[in-house]
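Chains G and L, in that order, are what the protein sequence lines are. In this text, residue positions in the first sequence follow full-length UniProt numbering: the first is 1, and each later residue adds one. In this text, residue positions in the second sequence follow full-length UniProt numbering: the first is 1, and each later residue adds one.
Keep in mind the hints are simulated off the structure, nothing from the lab. From the three backbone atoms N, C-alpha and C, an ideal C-beta is built for every residue, glycine too. Be aware that one or more of the hints could be misleading.
Unchecked claim - Here are a few chain G residues that face chain L, going by a calculated C-beta distance under 10 Å:
#, residue
1, 558
2, 560
3, 620
4, 622
5, 1030
Claimed, not checked - Short, incomplete list of chain G residues facing chain L, as computed with Cβ under 8 Å:
#, residue
6, 715
7, 745
8, 749
9, 812
10, 1088
11, 1091
12, 1101
13, 1133
Next come the chains, spelled out residue by residue.
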Amino acid sequence: MCLCSCSPSRMEFPSGYGSHLPSYSVPSGHYSQVPSKAAASHLDNQYRASYYPTYYSAPAQNVMTPSVGTNVLNTQESQQLYNKTPAHTVGSAEGPIQGAISSASYLHTSAQQSYSAFGNHYSTSVSSSVASQGFPLNSDHYTMPMVSSAMYPNVSYPPVAAGRVYGQAFTSQTLPAVGQFKETNTFSSQSTSVPHSLQQHVPVGYNTTLTTISSAQSIQDSLCRNLTGSLLTKVLRKKFLSLLFLKNLPFLKQLTLNYFPPPAIDSSSTTSSASPVLNNYDALEGGGYPGKQSSISFVLPETRSMTSSPVPAPSVPQTSKASKPFGYGYPTLQPGYQNAAPPAPVQPNNPGHHPGFQHYPQQYPGVNQLSSSLGGLSLQHSQQPESLRPVNLTQDRNILPVSSVPAPVPNLNSDLRKLNCSPDSFRCTLTNIPQTQALLNKAKLPLGLLLHPFRDLTQLPVITSSTIVRCRSCRTYINPFVSFIDQRRWKCNLCYRVNDVPEEFMYNPLTRSYGEPHKRPEVQNSTVEFIASSDYMLRPPQPAVYLFVLDVSHNAVEAGYLTIVCQSLLENLDKLPGDSRTRIGFITFDSTVQFYNLQEGLSQPQMLIVSDIDDIFLPTPDSLLVNLHESKELIKDLLNALPNMFTNTRETHSALGPALQAAFKLMSPTGGRISVFQTQLPSLGAGLLHSREDPNQRSSTKVVQHLGPATDFYKKLALDCSGQQTAVDLFLLSSQYSDLASLACMSKYSAGCIYYYPSFHRSHNPAQAEKLQKDLKRYLTRKIGFEAVMRIRCTKGLSIHTFHGNFFVRSTDLLSLANVNPDAGFAVQMSIEESLTDTSLVCFQTALLYTSSKGERRIRVHTLCLPVVSSLADVYAGADVQAVVCLLANMAVDRSVSSSLSDARDALVNAVVDSLAAYMSTASNLQQSMLIAPNSLKLFPLYILALLKQKAFRTGTSTRLDDRVYAMCQMKSQPLVHLMKMIHPNLYRIDKLIDESTIHVNDRVVPQPPLQKLSAEKLTREGAFLMDCGSIFYIWIGKNCSNNFIKDVLGYPNYASVPQKMTQLPEVDALSSERTRSFISWLRDSRPLSPVLQVIKDENPAKTDFFQHLIEDRTEAAFSYYEFLLNIQQQICK
Amino acid sequence: MCTRASSVFFERTFLSAVFMFLLLKVHLLMMLPSYFLIITLSDLECDYINARSCCSKLNKWVVPEVIGHAVVTVLMLISLHWFIFLLNLPVATWNIYRYIMVPSGNMGVFDPTEIHNRGQLKSHMKEAMIKLGFHLLCFFMYLYSCPIRA
């Protein structure tokens, strides 16, 4: 019935592994991304041909091959160890099976999650009075406080829940997070198909509503089934293309359930003729103010009724002439589709004030009374929008929102807004794009995109089709923002070329109907994934190949990381993404390079030592990278033996460069992933580095040198690797300076990732050890895309100016990513080359073409649509402060490397000064003596101050060069959500969680303490505080913290007995303990990496780490927030 | 003109003519890198060529250009052609400066990882255009100044 049919909610669980298959993409054939290579079938031959000569001609003494085949030619103990290792049974499961198993387990969890989410979603939508606002942004799996338990039964979906979830993947329209709120509302209204019914619902409460709806549902279910039956026969003949469903579930029923209702409703109600799903929403929703609705607190369901103020008349938007908020937004669609455009919401989103699930003191009752017939986009027509409300920064001290800062919603009409890409994967710094470069320059804000394209998604429409419909001139993929001129032609929204709709595209496999191209999933979802045909590959898809390069010098053995790495690998060997072709190999190095022959059939692994590091070669090229499943036994033996093999080594040198060269040679025939573990400065062979850090300069306020690489060796190597589709991931576990600035290049340009564990030691530094363990678990099991390229297209007139992230820029809009991982973020700066006066919308599209670990070529496409504005005030109204800050951070990193750190710091301060000055000069009625910011930018100075106090950019505080460089690397490669936590951590008070408001997640009660300012004034001795820094949680306990809390939550009798190094909370059977743990695990669930917890008492050395993050306070070397504001004000007045 | 002159004068004018002729050749030669630069960069812009190979091609030309220009400038100074020397000096200085200021981690004046960033491609293009114009200017100046002096 309609509930399911239209529920477009796009559920995303960041940590979930997604019910979709690993996905893949490839750019079109003409972007040949792979350098001409032999087909995979010839790989081995080619390999042999190229490397055997080297091998044979190599001086014999260099290869210390064992004299007896099975003997390992190393030390005595290693041999012993080999013999000692118990015989494992070879993993019986073959690749695909294993994959299936592992993925199944993920699916299980994710399905469960999504089920609950769905249940919740439905129930919310049904019981409109409970307020869909309960959903916070992008956390969809919340149940409402009062109905949590009641919901599932009411919804009555359990039997088909799983199927429904999958079915949903196709039918769901991708929504920006806020869209969901609205969406859910419309559900209720739509289900009764009379606009005014919404009002009826509200007071009645959900019980009554539910009964009516469920009955309606059953009727419509049967209707649908009948319909399906008749249509099915008709449709089955047309088998032009098929959608690949995520799961081979009996979809038919679900699909029909999902897609047929709208017509059914249409026929029963008379609101509009043959209007598709969307129309109904909009017709009914009409003057609703989605942004507003969400501002209402979920704990006050009664207030919800405000939002349901009826639309003036549902028929108004249906007159096609009235519904043209934008120049070419669906202007010439068939009538039904055109209806979809309702009057544009007058009120733009108010970024500060729709944090969904929070108590919000301010609500804006006036808003809903505004006539929606004002229609026009222009903000001046209405009262000043919330995002432009002036905020006096020096007086208004409580500018932090109660919960996390939401992304502003583009000021589009509700139809487009619903279709728009989720802000989690695609965000623009200015959600209102200025018309000209001159206007952009005036606003003094950077224009750019922040991308998180390969994010773990649970709901992703995957499309298999023989032809992927793309614009003929600019190769844009068809997307929800194209306009259909008529049934047979569509107009590209990026280059405005008119294209033909291919015959196949006319048939919609979801509705099994013909002639409705605008209902295809590609046009209903702004995030889709295509399974690419062979046109999108230059060679057969590569297998998953993993090579581990491990430092085994004295330093490394001393730190003891090998045990953790080998243990994690052993645990996750079966979960490594891949298929039956997956290959794996190991290289270790100290002053020589050791290879491991793991060829199937050997009784134990063979170590081959190459000591000629000046001219490295592969001793046995074809048996070093072996099939994971065939040689699993040997691999396990090796991993068990490795940690103890080098215990007595006296080798202190590290020949990283030669080891990397060898790794590159080994990987180049296939491509894949090299994971390098390094513990010290490379001191031998090519790529050796010298210490450049002067410890006395660590806290210098003037010049910070050596932020750039010392040699181009690693850059060249990375580019070579990138050319051979190989990425290098660096794990640096060092206690001393290891010149990360140079080493990082190997990952930066090969699209790898960088992990850094300063002063790592397995036993002396348990927090780092735990972090490595957790990171490795995620690293080894997360999705991976091979031989990927990403292209970013944008509407004509815009162009990409600068790229930020880990990749190699192959051409003006094409990024070459040897590997792509779900935790990689990218940023681009845009410039406006031609004036955008002709258009009222601009679109950005990223297409990520990759080979999945299962050997499929896939394309993941995200499309974002934003309005164009011509006034400066509108530009400010649409500013996304978090995106702006992240982009500025990226730019500042570039600046500090190319110029100097102090330049970068000045530039950051100037960014605030200039933009606020420009804003104040536009707003005429403001007093110049005050520091005024628009509401959308009120956090801007705070975030910039946080940036200036961040490790990457701070001066005056002792910062090790590697720490600084690592922070810079993270700024370039982290997605926005993680980066924001790094810049401005969240602080919560957790000793009174019982009193806080709560939300329900998966039957768990999660308290929602308000965000605290990052200032010591908020810390009280009586309290306990949790600081969420993204990768680490600090719990700070005040001296006089109540013993109850310490006893219940920490499990110790009093403050004095709490140990110094505490990294876990015990499970105590007390309410406060339960609440605390559920809150922490809720925070953890929202990110892929589970952060390390550190409990801090007053005397703890980690205390300084904690207090460094209190950025609003004054330190010896830096301003407090208030001083910073005064400083800005001074500069503006100058 | 030359015929009625004394042998000393003849020798001088002849030498200077040869000198000028050589100069013309040198400038023609120096025009080549700029010309080549423009072509390669526009290839890169149109995505006909990989950034890596483009930059390695272009970086090969950097040192010869620097040396060539420096030699010409020094020769001008030695032969006391002040005007031409002063004309060439800024360009030569810029070339040397650009070569010296390459950061240690970069692969030369043209770095494949940065050429698409911060409008570098455009600024390189602009620079190449200006140089081409300069060499053309010099070429015609020498061409027409030669017979007059002779």
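A quick look at each hint next to the structure:
At a threshold of 10 Å, the smallest CB-CB gap from residue 558 of chain G to chain L is about 30 Å, leaving the interface hint violated. Given the 10 Å rule on beta carbons, the hint for residue 560 of chain G is violated: about 32 Å separates it from the nearest Cβ of chain L. For residue 620 of chain G, the suggested interface contact is broken, since its CB lies about 31 Å from the closest CB of chain L, more than 10 Å. A distance limit of 10 Å between C-beta atoms decides the matter here; for residue 622 of chain G the minimum to chain L is near 28 Å, and the interface restraint is violated.
Hint status for residue 1030 of chain G: violated, given a least beta-carbon distance of 27 Å to chain L, over 10 Å. Given hint, residue 715 of chain G at the interface with chain L, holds; its Cβ is 6 Å from that chain's nearest Cβ, closer than 8 Å. Proximity of residue 745 of chain G to chain L holds as hinted, the smallest CB-CB distance being about 7 Å (cut-off 8 Å). For residue 749 of chain G, the interface hint holds, since its Cβ comes within 8 Å of a Cβ in chain L; the closest pair sits about 5 Å apart.
With a cut of 8 Å, the hint placing residue 812 of chain G at the interface with chain L holds, because the nearest CB-to-CB distance is about 6 Å. Interface restraint check: residue 1088 of chain G against chain L, minimum CB-CB distance 27 Å, threshold 8 Å, status violated. At a threshold of 8 Å, the smallest CB-CB gap from residue 1091 of chain G to chain L is about 32 Å, leaving the interface hint violated. Below 8 Å, beta-carbon pairs count as interface contacts, and residue 1101 of chain G has none with chain L, the closest being about 35 Å; its hint is therefore violated.
Against a cut-off of 8 Å between C-beta atoms, the interface hint on residue 1133 of chain G is violated, since the closest Cβ of chain L lies about 32 Å away.
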